[in-house]
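Make the complex out of the two chains shown on their own, each in a separate frame, by following the hints.
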Amino acid sequence: MEEVDTAVGRLEQTTLAPVLRTSRLYYVWVVFLLAVIAWGVYAYSVQFRDGLVVTGMRDRISWGLYITTFVFFIGISHAGTLISAILRVTQAEWRTPVTRLAEFITVVALVCGAMFVLVDLGRPDRAINVIRYGRWQSPIIWDMISITTYLTASIVYLGLPMIPDLALFRDRLKGHAPRWRVWVYRVGAVGWRGESSQKRSLAAAIMVMMILIIPIAVSVHTVVSWIFAMTLRVPWNSTIFGAFFVAGAIYSGIAMLIIVIAILRRVYHLEEYITQKHFVYLGFMLAAFAVIMMYGNISEYLTTGYKIDDAEEFHFRQLFMGQFAGFYWYYFVGGLVVPGLLVLCPWTRNIAGMVVASGLAVIAMWVERYFIVVAGLRVPLLSYEPSNYAPTWVELSIVAAGFALFALLITVIVKIFPILAVWEIAENLEAEAVSPIGERTPTESALQPAGGSS
Amino acid sequence: MAQGSDGQEYASTRSGPSGSHRVGRRGVMGLISLGAVAMSPLGILPPLLRRGAGRDAHHLGGKPAVAPNGRIRQWSMIIDLRNCDGCQSKQTAPLCTTACIEGHFAPEPMEWIQVFEAELPGGGTQFLPTPCQHCQNAPCNNVCPVGATFTTPEGTVLIDQNRCIGCRICMAACPYDRRFFNWGKAPSPPESHLAHYDMEHQIPTKKGTVMKCDFCPDMARAGVLPYCAQGCPNRAIYFGDLEEDLATNGKDVVAISRFLSENQAYRQKEDLGTRPRVYYIAGHGEAIGRDAFTRGRKPTRWPWVERVKGARTWKR
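Residue numbers (our numbering), protein chains in the order written: chain A, 1 to 454; chain B, 1001 to 1316.
Bound-form chain B, shown alone (with noise of 0.2 Å):
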């Protein structure tokens, strides 16, 4: 072997500390297992960085809400079909989308609550208002690096704008096509700067961050409804508490387990298994009178950012 010619080719000429270190299989080993203890922290140390930042909860606007039996009220919502027609007989964008922007300052082109017109096998077509299904096993929440995104006692799922860094897997994972980003500074009505920030009605809005029809839960809680089955004309938005059985529309109030079943209600994509709590009772407005081959709906518009000066959005 060329042992002895190699050692002399690379010994150091001038003398140092010289080294009869011995490092041998065993002090490899060693090392490798001081390494492995060194590193043991890693799973300590994020929860003593929440500890310290005191911010592992997420603050919600209120308590959650408890139906008279004492347990958690689980908001749901029915979309009777029966009497949607995408207010083509009012001649305007659909109301719900629009009470909901209003109320949320939602800028575009963020339509929480989307009405999409879907093909019927017959040739005909049917309005599909589609809010955020808040899915009791989210894909979105699922996937969250950061749990920004999460489901509350109440069951609804929400996003905290303050943790959120903009990754954006949460909108890659919905089925539903239901998450928005911020992608540059939104505008903002003067009178959204007055609101205190919630992830319960995200106002104001922050740049760099998703966000999406969070379900209304403080108007819940106060005994409202949301801003979108407030502002259907055909009350064709029932909301309530699967718990106490219960949903309204604003007008009739009926018994959610027994609606569901009589009424062949089914909820989009229902074999993924994300178990929306947004159910679909089958139609296309007739109801209300519409005709399945009368197409087409007015455009969304968001009146409040036309009130703003110089607003600028971007498109979907």
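This is chain A alone, in the form it adopts within the complex (with noise of 0.2 Å):
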């Protein structure tokens, strides 16, 4: 018991540190994330002004970049929910340490994507519309309610199970964090004091989420697909694109997850209990995914490709040999092959492999949603020269902002809030402590692949 004692005590060591050390490094990241920002704020007033003019969408390409960033981050919201969920059904142990990073992306990400489509909206200021004169026949009310549901069930989701840990930040940072964040963690832990009753009803209501939050995971990024596929056009006219769909954002949420764990990791020195095992596992999880989509990829352009028509030819030419034929093939081979085979090659399967695969996966994710959205309306629909599309400086700060908000969302809720799910580490650590077969500590697990750490 002496040894899991400490092991605990390390643990609550590593969790507090994040919110009582702060770096110059942290400040000089911070003021840069808000540079971007403002700089993004900046060419959204332009737009403001001046309307969408100043972008480079026109009426035959009249999605561009935003809706592409939309939908990508709508995607890397899936982390959390399938990390979490999914691996909280199937009782996989390894999680926990990166159960609680997952869900803050979860959250993040969906801030950021909502953020968006209201950059996107021509008339910003009769948003409210949607609410006022509502119609559920449109795919875009079915976005905004999966959505707005999947943004409150992600919050609950992150909420409960991190009661205790607020808890135990409440009772340790009382008098060391300024007065705020001590109510912020009060009312968070509400009322928790560790007793069995309390821990009965937690496990409860964690049961009930984690199975309430997987299928509207799933709605979510179906229904962003519908927004394409309920429209005549050729390239979206496909069955498979739900499926294929939540398929893209399960995999650039694992590629998410994976980057920042590894950054995280290495700025808050959770070796201990990130370690490579679950970069492989996750790594796993991303191999696989990447094959589910090379599939899709297949099935749906064989199936098109076979019979093809003349819209899906100037598609598949615009895709495979001609403007987007780069962007394509980067994401097929690059973004599905590369990190499948990264995965797989035993001496690329450590740390630094499977961040290289995310990266790549990630950029392959944003690449992929670019081409549905652009490519898809550049077919003609009549007998016109088709038009061409090009990003203007507006959009490529504003998209540059919404990345840096959504780091920064990252950076900020890191040190508040506990990073490590201690109290479920904590419930591992003792487990395998009176297990007759246990390891001594989660570093040595039964895992350990070729190649050092990072």
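No lab work stands behind these hints, which were simulated from the structure alone. Incorrect hints may have been included.
[Stated by the list, open to error] Which bits of chain A does chain B cover? Going by a derived footprint, with three or more residues having C-beta under 8 Å, they are:
id : region
1  : 46-54
2  : 137-145
3  : 246-258
4  : 332-341
5  : 344-354
6  : 380-393
[Said to hold, decoys possible] Take a look, some chain A residues computed to stay more than 12 Å from chain B by CB distance:
id : residue
7  : L121
8  : R126
9  : I128
10 : V156
11 : Y301
12 : F316
13 : V414
Predicted model only: the values in this text are computed from it and were never measured. Cβ atoms here follow ideal geometry from the backbone N, Cα and C, with glycine treated the same way.
So this is what it looks like as structure tokens:
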């Protein structure tokens, strides 16, 4: 028992460290992100004043970077659900050190994604009309309902397992942190004192939420795909769009999670808890979804390409050989095949390899959304010359600001809230300590692939 | 089990309003159902908001026109391609487009009725004046999140530019490329400021909203043909009422059912099931002496935009 206690003590120390100590680099980073966001706000003010004419979008390619980034961020938000809910349902114990971070990513990505819909509106001043006159026959309303539901559910699902950890922060940080923060912890901890009745209620609530959130998450990206699939555009006229978007969402979500935990592990010294094992396990999931994505691509393009009609032929030419060929082949080879190989190959199945695979995958998924939106709209509907789309500085600035906001929100959240699920990791530690064949610490795991850490 | 030590680990050190709050599974379920009850106003809220605002119904310019048999008129257009040469013989931009642009003050690059040149199987071309098809199963109406685009009792598809939020999903949904966005603040001629905004003529334009051909229902009600039909020098455009089964190009009056049936009429992209109100009679201007192999037409111009000083527009 002595050893477990010190392990738990170290765990608490590690979790409290980001809240108690702030390096100068942190401020430099935050100021940098704020500067990017400020530039984006200026770009938006120009767009608000002059209208969407300052973007590269026009009548024929009427959606561009904003909708691309919206779909991308909603996809990233699937990190939390998958890692947390699905792994919780399947009782995969290794998940505990990464669940909290996954849930942070979900909430933050949803906020950033929803923002891009507003940025894309021609009349943001009338956004309230969606509630005043909302017609539930419209895919946009389905989107609004499912995204707000998912956001609410994600916040609840983030908050519930955090209650015991907030209670820990409440008790440990009293007098060491600003008063408003202690107030946040006290409110968030909702009177948690670790009683067994409270534990039972918490377990029941988490159980309900983890089951509920899976269908909600699946519905969200399905409905996002239906914004496209419910129109009469040939490249979007696909029955697998919903499933394909969900798979892509989970794929990009896993990849983003790997990148975020790699950074935070280094910055906040979480090496004891987030080990190579976590990267490799997440890498296996990444590879599995890469294969599903490849299957989806082949299934969709072969069935339409075999019977190729005029519009499909135009689309295939621009996608595989023309203007978008670079994007497409980077996506398929660099974004699906290479990450899969990096996971499969034992020499690269380490932290560095998984981070590279994830970086490639995240970029590829943004690129995929870009060519789905832009190339899909580019196919001519009548006999006219196809238009072209080139984003302007306004669009690029606002998208950069969106990514900066994502990074900033993650940066700030991990400074305020417990970065690890302390109580769940502690439970695992204790379970291991009492089990006759358990390992001493979670660092020595059953699976230790070749290659050093990082 | 290690429950005891765990409990100590997280027990608060200060004594507060100590909780023997027992929230069991039943309590959690109760909370969830309470939440569900709390969500129920969501369905009631929008209608209440609308009533409060008093803007539920779209205010149309006038009452729907009524045919002699008492039924509401169903506006319809027939374009006889045998009489359309894209105004090649007149050496001008297509005059239907020009008349529409001048009548509606449609800003550049909007061509609510646009004359496309389409390839014929033998290598020649035909000209296809294409207004909004006023589909009776309109994909744009279906996807609009706020009901800003809708079908009137007369069967025309209109847009309420005071309600449109500019999401542009209708532009993605339209299979005929017939929707135009006010990407910026469009120029407006002095005359347009005298007009009282109405969705039946869409003057003045509103930044950040969608526009398109409105079928000129206000004019039809007053017994005047739409601008495009008036502008066509070869009288290729017929406009009329399906209910009374009559249409005219300003010179001849035809019985629509007979005219369509006897001249192999068709509708664009009929297989999509959009059920357009615009019919075409196949041809390539042969009735007015156009050779199918004479390609090209004069580019469209926006005469009124040229008259407005410092007008800034955008490309299509």
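**Prompt:** For the region 46-54 of chain A, does the count of residues with a C-beta closer than 8 Å to a C-beta of chain B reach 3?
**Reply:** holds (count 5)
**Item:** Assertion that F316 of chain A lies farther than 12 Å from chain B (Cβ)
**Value:** holds, 20 Å
**Minimum Cβ distance from V414 of chain A to chain B greater than 12 Å, as the annotation requires** = holds, 21 Å
**Prompt:** Counting residues of the region 380-393 of chain A that have a beta-carbon nearer than 8 Å to any beta-carbon of chain B, does the count reach 3?
**Reply:** holds (count 6)
**Cβ separation check - I128 of chain A to all of chain B, threshold 12 Å** = violated, 9 Å
**Prompt:** For the region 137-145 of chain A, do three or more residues have a beta carbon lying closer than 8 Å to a beta carbon of chain B?
**Reply:** holds (count 6)
**Item:** Status of the stated non-contact between V156 of chain A and chain B (beta carbon gap over 12 Å)
**Value:** Since the minimum Cβ distance to chain B is about 10 Å, V156 of chain A lies within 12 Å and the statement is violated.
**Cβ separation check - Y301 of chain A to all of chain B, threshold 12 Å** = holds, 21 Å
**Prompt:** Regarding the assertion that L121 of chain A does not contact chain B, is the least Cβ-Cβ distance greater than 12 Å?
**Reply:** Non-interface label fails for L121 of chain A: nearest chain B Cβ at 5 Å, not farther than 12 Å.
**Message:** Is the claim that R126 of chain A lies outside the interface with chain B correct, judged by CB distances over 12 Å?
**Reply:** R126 of chain A is in fact no farther than 12 Å from some Cβ atom of chain B, at 5 Å.
**Verdict on chain B covering the region 344-354 of chain A, where coverage means 3 or more residues with a C-beta closer than 8 Å** = violated (count 0)
**Item:** Coverage assertion for the region 332-341 of chain A with respect to chain B, Cβ distance below 8 Å, three residues required
**Value:** As far as the region 332-341 of chain A goes, the hint is violated, because 0 residues have Cβ atoms under 8 Å from chain B.
The structure fails to meet hints 3, 4, 5, 7, 8, 9, 10 from the earlier list, while all remaining hints are met.
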